[in-house]
Amino acid sequence: MVATRETAAAVRDVEQYKYGFVTDIESDKAPKGLSEDIIRFISAKKNEPEWMLEWRLKAYRYWLTLADEEPTWAKLHFPKIDYQASYYYAAPKREKLASLDEVDPKLLETYKKLGIPLLEQQMLAGVAVDAVFDSVSVATTYKKKLEEMGVIFMPISEALQKHPELVKKYLGSVVPYSDNFYATLNCAVFTDGSFVYIPKGLRCPMELSTYFRINEKNTGQFERTLIIADEGSYVSYLEGCTAPQRDENQLHAAVVELIALDDAEIKYSTVQNWYPGDADGKGGIFNFVTKRGACRGKNSKIMWTQVETGSSITWKYPSCILQGDNSVGEFYSVAITNNRQQADTGTKMIHLGKGTRSKIISKGISAGRADNTYRGLVRMGPKADGARNYTQCDSLLIGDKCGAHTVPYIESRNPTATTEHEATTSKISDDQLFYCLQRGMKQEEAVSLIVNGFCKEVLQTLPMEFAVEAQKLVGISLEGSVG
Amino acid sequence: MSLLEVKNLHASVAGKEILKGITLTLEPGSVHAIMGPNGTGKSTLSNVIAGREGYEVTKGEVLLDGKDVLAMEADERARAGIFLAFQYPVEIPGVTTSAFLKTALNAKRRAAGQPEIDAMEFLKLVKAKTAVLGMPYDMIKRALNVGFSGGEKKRAEVLQMTMLEPRVAILDETDSGLDIDALKVVSEGVNSLRSPDRAFLVITHYQRLLDYIVPDYVHVLANGRVVASGGKELALQLEAEGYAKYLNTAA
Numbered sequence: 001m002v003a004t005r006e007t008a009a010a011v012r013d014v015e016q017y018k019y020g021f022v023t024d025i026e027s028d029k030a031p032k033g034l035s036e037d038i039i040r041f042i043s044a045k046k047n048e049p050e051w052m053l054e055w056r057l058k059a060y061r062y063w064l065t066l067a068d069e070e071p072t073w074a075k076l077h078f079p080k081i082d083y084q085a086s087y088y089y090a091a092p093k094r095e096k097l098a099s100l101d102e103v104d105p106k107l108l109e110t111y112k113k114l115g116i117p118l119l120e121q122q123m124l125a126g127v128a129v130d131a132v133f134d135s136v137s138v139a140t141t142y143k144k145k146l147e148e149m150g151v152i153f154m155p156i157s158e159a160l161q162k163h164p165e166l167v168k169k170y171l172g173s174v175v176p177y178s179d180n181f182y183a184t185l186n187c188a189v190f191t192d193g194s195f196v197y198i199p200k201g202l203r204c205p206m207e208l209s210t211y212f213r214i215n216e217k218n219t220g221q222f223e224r225t226l227i228i229a230d231e232g233s234y235v236s237y238l239e240g241c242t243a244p245q246r247d248e249n250q251l252h253a254a255v256v257e258l259i260a261l262d263d264a265e266i267k268y269s270t271v272q273n274w275y276p277g278d279a280d281g282k283g284g285i286f287n288f289v290t291k292r293g294a295c296r297g298k299n300s301k302i303m304w305t306q307v308e309t310g311s312s313i314t315w316k317y318p319s320c321i322l323q324g325d326n327s328v329g330e331f332y333s334v335a336i337t338n339n340r341q342q343a344d345t346g347t348k349m350i351h352l353g354k355g356t357r358s359k360i361i362s363k364g365i366s367a368g369r370a371d372n373t374y375r376g377l378v379r380m381g382p383k384a385d386g387a388r389n390y391t392q393c394d395s396l397l398i399g400d401k402c403g404a405h406t407v408p409y410i411e412s413r414n415p416t417a418t419t420e421h422e423a424t425t426s427k428i429s430d431d432q433l434f435y436c437l438q439r440g441m442k443q444e445e446a447v448s449l450i451v452n453g454f455c456k457e458v459l460q461t462l463p464m465e466f467a468v469e470a471q472k473l474v475g476i477s478l479e480g481s482v483g
Numbered sequence: 001m002s003l004l005e006v007k008n009l010h011a012s013v014a015g016k017e018i019l020k021g022i023t024l025t026l027e028p029g030s031v032h033a034i035m036g037p038n039g040t041g042k043s044t045l046s047n048v049i050a051g052r053e054g055y056e057v058t059k060g061e062v063l064l065d066g067k068d069v070l071a072m073e074a075d076e077r078a079r080a081g082i083f084l085a086f087q088y089p090v091e092i093p094g095v096t097t098s099a100f101l102k103t104a105l106n107a108k109r110r111a112a113g114q115p116e117i118d119a120m121e122f123l124k125l126v127k128a129k130t131a132v133l134g135m136p137y138d139m140i141k142r143a144l145n146v147g148f149s150g151g152e153k154k155r156a157e158v159l160q161m162t163m164l165e166p167r168v169a170i171l172d173e174t175d176s177g178l179d180i181d182a183l184k185v186v187s188e189g190v191n192s193l194r195s196p197d198r199a200f201l202v203i204t205h206y207q208r209l210l211d212y213i214v215p216d217y218v219h220v221l222a223n224g225r226v227v228a229s230g231g232k233e234l235a236l237q238l239e240a241e242g243y244a245k246y247l248n249t250a251a
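In the order they appear, the protein sequences are chains X and A.
First residue of the first sequence: 1, per this note's numbering; consecutive thereafter.
First residue of the second sequence: 1, per this note's numbering; consecutive thereafter.
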């Protein structure tokens, strides 16, 4: 008996040494908090190659040195985050609901307004669904087609198994592990995300969407996406969903890296509608995202379009490093904040190559007691001969308790480079509202129409299937903001 | 039953009484002109009927088919069939005339329990209506009133009126800022809408418009009251004599 007990204790010790807690690799759960052991556990769970684990640990150790360097320069106010209070692997899931009857009717109302099909509503609301989806089988068919063309589109954890050389070559090459507080954290603990590789010369014939992965496991709050467009290829990628999404995790810190080689083009569209919190801003998602694209090849192009309506805190600056000569970066953004939401968002256009061009169109809409900041950097490097940037930042205020701020940074170290910056701030006028009402529109309909007009330049860059939903979303996000 | 009844209407802006007891009765199929010098309450009258904020009705009634208009919100009044052609139509950047029209039309259809109009049917309808008004069809692709000339703005108002088919149309100084050609086009548009079950309230400073939109009744508004009413000949008389005598009697 004594021996058995000793053996049991020894085994426990070994396991504790390995993972720092008593569990086995079959377990789906890791305890709260962050440590090297947790990172080893995540990496082992995913059967990652040794170099991946090393990279994660390197990031983690670096992150520890940043403890006092959480960015504070953004115009955002929120309580200090306790990083040891989070789950970094397989957070306990809420019980699945038995049917839509158990879902908050307000949420269902929103789904209805967005025109979301019933099955999708069930998935989004977290209802257990045992039917086989048409969309899943459709997705499978598409996936097969894409494979035949040489497109690699799979969870990044799968890519680490099947295409480790590609992942190793490009992961962290745009957003290095030491980039910033949140990105570094992501490097250490990311659980999954998408991996895309488009082979040379291929124009990907369909929009790639995270929607294809909707039936797969929740990738969690630390998502990692890597997209590589090889020479002369084109891809359009859609991220997110217009439907409000339920999530147990308050902290989100995703990293997205894009790489465009010679003559390649990547179009990346996002609709972000995470839970914004209640009218007082309680319970909303904190969204700290690092998105960056490298136009590595000559004549390459990266275009970011984002519609940000959710989250209580948005900290996000999708950027382009215009390295290749004559490469092009574009950023189109609509950021809507209502009630107590805060958004500090914008872009960075780093011009390194000759003849590089960039365009920034930002539309910020602020209502309620919300704060909305555009923060953008345009940098012209010494070799960026003839580079050009055009920036336009428009802010729209609804009501008199909200704020709009524009913070452009322009740095030019090349006398032949030109930058242009235009900014406007306006309000929805009583005259405009009355005009619409007099034509029979309800107040909310009128606000939605006017705001959609204000954002049109950005919304029309979205792929068709997204654009229609985004238009509706713009209206829904501002409900109750007038009158 | 009368279509629109305004009974002893008093209204003030920021505590100052502008309308001091207006009574008007519009029968279906009739065209009434309201004339008067500037600052006598012509635009106030149209704004109060349409339900613009900032006006306080202190006394009186407005009834549409016997229903209390003043109890309705501005958008309800519009859906009930009151249309105001604005003196200064506002610009709505980024919203095409077409998108605006469709939203307005669907708001009305929904309220009437009808299904929303589908895209093809809508385009067919707009094409037909623009042709009737002699308007270039391409105009509907432009953002509403943005960069429109004075004539284009007023034509866009008439187009909206044509699409929404109101019961009562109020034209607030529709002739202001129009040259004679534009005036003709706009008037023809309005005349094409005259029908036995629709009434018009045409507010104007000048007789000129009434050469084209010939009214059944003319009312003179001075100092917030209707000081004279008559047939279309009253407008000609005003043109010849001016408003001076009414201003004196009202004072």
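FYI, nobody ran anything at the bench for these hints, they're computed from the structure.
This structure is a prediction, so every number in the text was calculated from the model and none was measured.
A portion of the hints provided could be inaccurate.
[Stated by the list, open to error] Among chain X residues calculated to face chain A with C-beta under 8 Å, some are:
hint, residue
1, ARG61
2, LEU64
3, THR418
4, ASP431
[What the hints assert, rightly or not] Per the computed footprint, the stretches of chain A lying under chain X, defined by three or more beta-carbons under 8 Å from a beta-carbon of chain X, are:
hint, stretch
5, 25-33
6, 79-87
7, 129-141
8, 205-211
[Claimed, not checked] With a straight-line Cα cutoff of 27 Å, these simulated DSS-like cross-link-like pairs (lysine-lysine) come out:
hint, chain 1, residue 1, chain 2, residue 2
9, A, LYS67, X, LYS472
10, A, LYS184, A, LYS20
11, A, LYS141, X, LYS359
12, X, LYS442, A, LYS232
13, X, LYS472, X, LYS112
14, X, LYS200, X, LYS144
15, A, LYS245, A, LYS20
16, A, LYS59, A, LYS16
17, A, LYS20, A, LYS141
18, X, LYS112, X, LYS383
19, X, LYS456, A, LYS102
20, X, LYS472, A, LYS102
21, A, LYS127, X, LYS456
22, A, LYS102, X, LYS112
23, A, LYS124, X, LYS442
24, X, LYS456, A, LYS124
25, X, LYS442, A, LYS245
26, X, LYS472, A, LYS124
27, X, LYS472, X, LYS282
28, A, LYS67, X, LYS427
29, A, LYS102, X, LYS427
30, A, LYS67, X, LYS442
31, X, LYS442, X, LYS75
32, X, LYS282, X, LYS359
33, A, LYS141, X, LYS456
Cβ atoms here follow ideal geometry from the backbone N, Cα and C, with glycine treated the same way.
Hints, one by one, checked against the model:
The interface hint given for X/ARG61 is violated, since its Cβ lies 50 Å from the closest Cβ of chain A, which is over the 8 Å cut-off. With 8 Å as the threshold, the beta carbon of X/LEU64 stays out of range of chain A, its nearest partner Cβ sitting at about 48 Å, so the hint is violated. Given the 8 Å rule on beta carbons, the hint for X/THR418 is violated: about 27 Å separates it from the nearest Cβ of chain A. Residue-level restraint check for X/ASP431 holds (minimum Cβ-Cβ distance to chain A is 5 Å; threshold 8 Å).
Coverage of the stretch 25-33 of chain A by chain X is violated [criterion: at least 3 residues with CB-CB distance below 8 Å; count 0]. With 4 residues having a beta carbon nearer than 8 Å to a beta carbon of chain X, the stretch 79-87 of chain A meets the requirement of three or more and the stated coverage holds. Requiring three or more residues with a Cβ within less than 8 Å of a Cβ of chain X, the coverage given for the stretch 129-141 of chain A is violated, as only 0 such residues are present. Counting residues of the stretch 205-211 of chain A whose beta carbon lies closer than 8 Å to any beta carbon of chain X gives 0, which falls short of the minimum of three for the stated coverage.
In summary, the hint linking A/LYS67 to X/LYS472 is not supported, as the alpha carbons are separated by about 34 Å, beyond the 27 Å threshold. Taking the CA atoms of A/LYS184 and A/LYS20, the gap is near 34 Å; set against the 27 Å cutoff, the hint is violated. A threshold of 27 Å between alpha carbons decides the hint, and for A/LYS141 with X/LYS359 the separation of about 25 Å falls inside it, so the pair holds. As the CA atoms of X/LYS442 and A/LYS232 are separated by approximately 38 Å, the hinted pair breaks the 27 Å bound.
About 11 Å separates the Cα atoms of X/LYS472 and X/LYS112, which keeps this hinted pair within 27 Å; it holds. Taking the CA atoms of X/LYS200 and X/LYS144, the gap is about 19 Å. The hint holds against a cut of 27 Å. As the CA atoms of A/LYS245 and A/LYS20 are separated by approximately 19 Å, the hinted pair is consistent with the 27 Å bound. At roughly 14 Å between alpha-carbon atoms, A/LYS59 and A/LYS16 fall within 27 Å of each other, so this suggested pair holds.
The hinted pair formed by A/LYS20 and A/LYS141 fails the criterion: a straight-line CA distance of about 43 Å is larger than 27 Å. About 53 Å separates the Cα atoms of X/LYS112 and X/LYS383, which puts this hinted pair outside 27 Å; it is violated. Distance hint between X/LYS456 and A/LYS102 is fulfilled; the C-alpha atoms sit about 17 Å from each other, no more than 27 Å. Our distance criterion of 27 Å between C-alpha atoms is met by X/LYS472 and A/LYS102, whose separation comes to about 15 Å.
The suggested pairing of A/LYS127 with X/LYS456 holds, with an alpha-carbon distance near 24 Å, which does not exceed 27 Å. Between A/LYS102 and X/LYS112 the CA atoms are separated by roughly 21 Å; this keeps the pair inside 27 Å, and the hint holds. Restraint check for A/LYS124 and X/LYS442: the C-alpha separation of about 25 Å stays at or below 27 Å, so the hint holds. About 25 Å separates the Cα atoms of X/LYS456 and A/LYS124, which keeps this hinted pair within 27 Å; it holds.
In summary, the hint linking X/LYS442 to A/LYS245 is not supported, as the alpha carbons are separated by about 44 Å, beyond the 27 Å threshold. With a C-alpha separation of about 25 Å, the suggested pairing of X/LYS472 with A/LYS124 holds against the 27 Å cut-off. In summary, the hint linking X/LYS472 to X/LYS282 is supported, as the alpha carbons are separated by about 24 Å, within the 27 Å threshold. Distance hint between A/LYS67 and X/LYS427 is unfulfilled; the C-alpha atoms sit about 35 Å from each other, more than 27 Å.
Proposed proximity of A/LYS102 and X/LYS427 is supported: the alpha carbons are some 24 Å apart, at most 27 Å. Between the alpha carbons of A/LYS67 and X/LYS442 the distance comes to roughly 20 Å, so the proposed pair stays at or under 27 Å and holds. Our distance criterion of 27 Å between C-alpha atoms is broken by X/LYS442 and X/LYS75, whose separation comes to about 34 Å. Simply put, X/LYS282 and X/LYS359 have alpha-carbon atoms about 36 Å apart, too far for the 27 Å limit, and the pair is violated.
Proximity of A/LYS141 to X/LYS456 is assessed by CA-CA distance (about 14 Å); at most 27 Å being required, the pair is judged to hold.
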